[in-house]
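S.K.: The residues making up each chain are set out below.
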Amino acid sequence: MSKQFEFSVNGLPVSVSLDNEETPLLNVLRNELGLMGTRFGCGLEQCGCCMVLIDGVAEKCCTKPIWSILGKQVTTVEGLGSADRPHPLQFAFLEEQAGQCGYCLAGILVSAKALLDKNPSPTRAEIAQALDGNICRCGSHNRIIRAVEKAAAAIRAGAGQ
Amino acid sequence: MSTALPGPLEANPDLDRWVDFPAPGKVTILTGRVELGQGVLTAMAQIAADELDVGMERITIRSGDTEKAPNEGYTAGSQSIQFGGVAMRQACADVRALFLEQAANVLHCPANELSIADGRILRNGSSTGQDYWTLAGAVDLRVKATGTGARKRASDLRTIGSNSARLDLPAKIFGNAVFIHDMRIDGMMHARVVRQPNRGATIGSIDEKAIRRAAKGPVEFVRNGNFLAIIGPDETAVEAAGVAAVNHVAWQNVETPTQAQQEAGWLLQRPVVERVFGAPEAANPQGRQRYEATYTRGYLAHASISPSCGLALYRDGKLTVWTHCQGVYPLRTALAKTLKLDPGSIIVHHVQGSGCYGHNGADDAAADAAIIAMQQPGKPVRVRWRRDEEFIYEPKTPAMVVKVRVLLDEAGKPVDWTQEIWSPTHNLRPGAGGNLLGALALPDPPPEPPPNDVSESNGGGATRNGEPLYDIPAKRILHHLVTEAPVRTSALRGLGAMPNIFAMECCIDDLAARAGQDPVQYRLSITADARARAVIEKVAAMAKWHDAPPAGTGRGRGIAFARYKNRAAYCAVVVELSVEEEIRLHHVWCAADGGLIVNPDGVMNQLEGGIIQSASWVLKEQVRFDNGVASFDWETYPVLKFSEVPEIDIELLNTRDDVPLGVGEVTAGPTAAAIGNAVSHALGTRIRDLPLTRERIMAGLLKD
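The listed protein sequences derive, respectively, from chains A and B.
Just so you know, our numbering puts 98 at position 98 of the first sequence, and the rest follows in order with no gaps.
For our numbering, add 1000 to where a residue sits in the second sequence, where the first one is 1.
Among the hints, a few may not be true.
Under the rule of at most 27 angstroms between Cα atoms (straight-line distance), these lysine-lysine pairs were calculated in the BS3-like manner [said to hold, decoys possible]: (1) B:Lys-1413 to B:Lys-1318; (2) B:Lys-1703 to B:Lys-1620; (3) B:Lys-1216 to B:Lys-1413; (4) B:Lys-1475 to B:Lys-1068; (5) A:Lys-3 to B:Lys-1403; (6) B:Lys-1068 to B:Lys-1209; (7) B:Lys-1641 to A:Lys-64; (8) A:Lys-72 to B:Lys-1216; (9) B:Lys-1026 to B:Lys-1209; (10) B:Lys-1337 to B:Lys-1068; (11) B:Lys-1379 to B:Lys-1337; (12) B:Lys-1403 to B:Lys-1379; (13) B:Lys-1337 to B:Lys-1413; (14) B:Lys-1216 to A:Lys-3; (15) B:Lys-1403 to B:Lys-1413; (16) B:Lys-1544 to A:Lys-64; (17) B:Lys-1544 to B:Lys-1413; (18) B:Lys-1703 to A:Lys-64; (19) A:Lys-150 to A:Lys-64; (20) A:Lys-118 to B:Lys-1641; (21) B:Lys-1403 to B:Lys-1340; (22) B:Lys-1318 to B:Lys-1337; (23) A:Lys-72 to A:Lys-118; (24) A:Lys-150 to B:Lys-1337.
Chain A residues, not near chain B, derived (Cβ > 12 angstroms throughout) [unchecked claim]: (25) Thr-38; (26) Leu-70; (27) Gln-73; (28) Glu-78; (29) Ala-147; (30) Ala-159.
What the hints contain is simulated information worked out from the structure, not anything from laboratory work.
No residue lacks a Cβ here, since even glycine has one placed at the ideal position from N, Cα and C.
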């Protein structure tokens, strides 16, 4: 029997009808809501490709059952900004050309957003530590750290949200 | 008149295979090279923009597509710009020349009065009202390239050499659907394969009930011989069924790699094909000093961040396949053989995946989808491997043993160099006779491919960079191509270059120490190649080499050098690190000479990526075997983390040279060896087995 699951994604209320209440939030975002920015990397909560904000906290969602999300606010990379209105992080990632294949970037942007929300002036070491839950296999780490530093400075100076 | 064409253009001489003017103001370029995260499509657009004199924003790229794009084999081996880019450049120059010729006819003027600005034809700098698109109807590009179109002079290059922003990055940063994993086709079925554990394993029993129970949704079984898949409309149900099937399908004739097979040393007693290159073996003359040391490296995984994915649709006798593999044409040939189809009835499209760094599971996942699609006509099928499936079943890069034997002159310089290599093949790509994984489970599986490795004319596999570039009177490679391996082995970034350069450049440091010389000076004393000397001197200056700390203090510096394949880019690396129980990288300096650079920032990104990936291989990575592949996730196969990455400084030399040299894989070998040398400097003892784990460091310290 299918059940309704209500929560919010990127500020908008959604209601999804599913038979299996164990369906991971990742599959709901990608297969039911068509939000492809949040990616499958391992299905084991190890690599961070599926990082989203749940009530403002960065969490991996590849094994998070949909029943645990009821009434919560989910933010995905699509909710950070868009090409027309990029989040300072997205702007800085483009400026630094911070990425190679880019598969890990959405999760990294979300982790970085959670960091900057808590700590607007992180050191290099703090940024690196905050991103240790995300794997980048191409080796774009230093560009990514530079971009987060740059975004933090821009936000402190009053850019964006 | 025609001149020698660049290889890929010679192989695909029709100009309409490279350039098209589909609509007013629009240019399409076609390339056999595919985007793997290395930025190659942006570089191709930069090349075309300069040689066609059009703005980058007018250019659309069609890439990796058996319907139209040129057949350039594989996107591999740091060859995309050095060969594919040079071919694109000449194709565009030929096209531009044809249009100028037509414009001269129309305008009744000599062609040398004409130029092109953003696609518009100018005469002596003034508008003529003509452009590519007004002339396109009269210029037939279904003609052969001649190689006579004049390429731009270095001083006229505008986009080549500029840091054009990557064309593919914005969509990835804004979270758009860009990867093959994001493709959804109406009526699509999700699928997971129940993997045959090894060639010859047969299905004993299938507990369908238990699998369906675990699925909690509708799933169906698709079987052909010992190829078993689970399909259904809901990915969650299909994934759950796929996971459950690992425990609910019983296999017979199962063979698993053992712990004993894990280390490179196991290769020494296996059957081999002997291959010898270079000068005849020297007798050891009396009085010559002799150096000998053995280096090893274990099996590595590509460990792509996304598990492999493939889509296929079989309809009306035509098979369409979407894949993130490195070579759509070779895959098409392999699919035709596996599925007993005419290649002409198969279309293969490249769609981006995550970085692959070589032959990972991409081809196999595409074949899985195709095998299933053939049994489900009219239904689009999407296969996505699991994380453990990727680690266990993707081809590994082989373990290697490299023994270096050197004879020295009175001054301690090498006069005779033998690099003796034991390695399974680095090339089981489908285009090299390797089998698609799913094919082994089908009835009538294909035979084992004959022993083979990448040809030396193509840079070699295990022998890659097995010959030092240094000035040594006699050099040779003894290659024992091991014909038996516990797992499938194939290409990973640089193939044998990393273990060979690690062995060679660690050896050079040992020889320098024996001669009582500084490692930088020693290298300079045995190389006359000006470009090699330049990168070594440059990196030494960047790192302030002569301020290095004394040896044996726990903090160390190391240098290493290589020219990739001895014919692509030159690179020297200095690493500074400290060693306590584990190795901590502090700083890496790199000087590289890749000749003409299309996109300097893109090249920097590749060099940085290669440094970090190599550091990860050297410090952390080895595929473990224990009654099966025991590295199956990110905890059992850890890679370098953000907090473990060193700071990196890179400088590029000679970037306005005439000719580009492949750079994508050049840093891996020198980085590995520079780490090895820095660890030796820090500890005062050398560790010759990779990875440089805590156990090996402790053992190395106790040994002394």
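S.K.: Does each hint fit the structure? Answer for all of them.
M.R.: Cross-check of the supplied hints:
A threshold of 27 angstroms between alpha carbons decides the hint, and for Lys-1413 (chain B) with Lys-1318 (chain B) the separation of about 63 angstroms lies outside it, so the pair is violated. Restraint check for Lys-1703 (chain B) and Lys-1620 (chain B): satisfied, since their Cα atoms lie roughly 22 angstroms apart, inside the 27 angstroms limit. For the suggested pair Lys-1216 (chain B) and Lys-1413 (chain B), the alpha carbons sit about 70 angstroms apart, so the restraint of at most 27 angstroms is broken. A hinted pair counts as satisfied when its Cα atoms are at most 27 angstroms apart, and Lys-1475 (chain B) with Lys-1068 (chain B) does not qualify at roughly 45 angstroms.
Distance restraint check for Lys-3 (chain A) and Lys-1403 (chain B): the Cα-Cα separation of roughly 65 angstroms exceeds the 27 angstroms cut-off, and the hinted pair is therefore not satisfied. Restraint check for Lys-1068 (chain B) and Lys-1209 (chain B): the C-alpha separation of about 46 angstroms exceeds 27 angstroms, so the hint is violated. For a cut-off of 27 angstroms, the pair hint linking Lys-1641 (chain B) to Lys-64 (chain A) stands: about 24 angstroms separates their Cα positions. For the suggested pair Lys-72 (chain A) and Lys-1216 (chain B), the alpha carbons sit about 25 angstroms apart, so the restraint of at most 27 angstroms is met.
With a CA separation close to 57 angstroms, the supplied pair Lys-1026 (chain B) and Lys-1209 (chain B) exceeds the 27 angstroms bound. With a C-alpha separation of about 21 angstroms, the suggested pairing of Lys-1337 (chain B) with Lys-1068 (chain B) holds against the 27 angstroms cut-off. Taking the CA atoms of Lys-1379 (chain B) and Lys-1337 (chain B), the gap is about 22 angstroms. The hint holds against a cut of 27 angstroms. The suggested pairing of Lys-1403 (chain B) with Lys-1379 (chain B) is violated, with an alpha-carbon distance near 54 angstroms, which exceeds 27 angstroms.
For the proposed pair Lys-1337 (chain B) and Lys-1413 (chain B), the alpha carbon gap of about 53 angstroms is over 27 angstroms, so the pair is violated. Restraint check for Lys-1216 (chain B) and Lys-3 (chain A): satisfied, since their Cα atoms lie roughly 14 angstroms apart, inside the 27 angstroms limit. In summary, the hint linking Lys-1403 (chain B) to Lys-1413 (chain B) is supported, as the alpha carbons are separated by about 18 angstroms, within the 27 angstroms threshold. Note on Lys-1544 (chain B) and Lys-64 (chain A): the hinted pairing is violated, with a Cα-Cα distance of about 51 angstroms set against a maximum of 27 angstroms.
Restraint check: the Cα-Cα separation between Lys-1544 (chain B) and Lys-1413 (chain B) comes to about 25 angstroms, which is no more than 27 angstroms; the hinted pair holds. Under the criterion of a C-alpha separation no larger than 27 angstroms, the hint pairing Lys-1703 (chain B) with Lys-64 (chain A) is inconsistent with the structure, at around 49 angstroms. Note on Lys-150 (chain A) and Lys-64 (chain A): the hinted pairing is violated, with a Cα-Cα distance of about 32 angstroms set against a maximum of 27 angstroms. For the proposed pair Lys-118 (chain A) and Lys-1641 (chain B), the alpha carbon gap of about 22 angstroms is at most 27 angstroms, so the pair holds.
Our distance criterion of 27 angstroms between C-alpha atoms is broken by Lys-1403 (chain B) and Lys-1340 (chain B), whose separation comes to about 44 angstroms. Simply put, Lys-1318 (chain B) and Lys-1337 (chain B) have alpha-carbon atoms about 15 angstroms apart, close enough for the 27 angstroms limit, and the pair holds. Taking the CA atoms of Lys-72 (chain A) and Lys-118 (chain A), the gap is near 19 angstroms; set against the 27 angstroms cutoff, the hint holds. Taken as a hint, the Lys-150 (chain A) and Lys-1337 (chain B) pair is broken in the structure, with Cα atoms around 52 angstroms apart against an allowance of 27 angstroms.
Distance check on Thr-38 (chain A): its Cβ comes as close as 7 angstroms (rounded) to a Cβ of chain B, failing to clear the 12 angstroms threshold; non-interface status is violated. For Leu-70 (chain A), the non-interface assignment is confirmed: its Cβ lies about 17 angstroms from the closest Cβ of chain B, beyond the 12 angstroms cut-off. The Cβ of Gln-73 (chain A) sits about 17 angstroms from the closest Cβ of chain B, beyond the 12 angstroms cut-off, so the non-interface label holds. Taking the minimum C-beta to C-beta distance to chain B, about 5 angstroms, the non-interface status of Glu-78 (chain A) is violated against the 12 angstroms cut.
Here Ala-147 (chain A) does not stay apart from chain B, with its beta-carbon only about 10 angstroms from theirs, under the 12 angstroms limit. Remark: the non-interface label on Ala-159 (chain A) is consistent with the geometry, its nearest Cβ contact in chain B lying 16 angstroms away (cut-off 12 angstroms).
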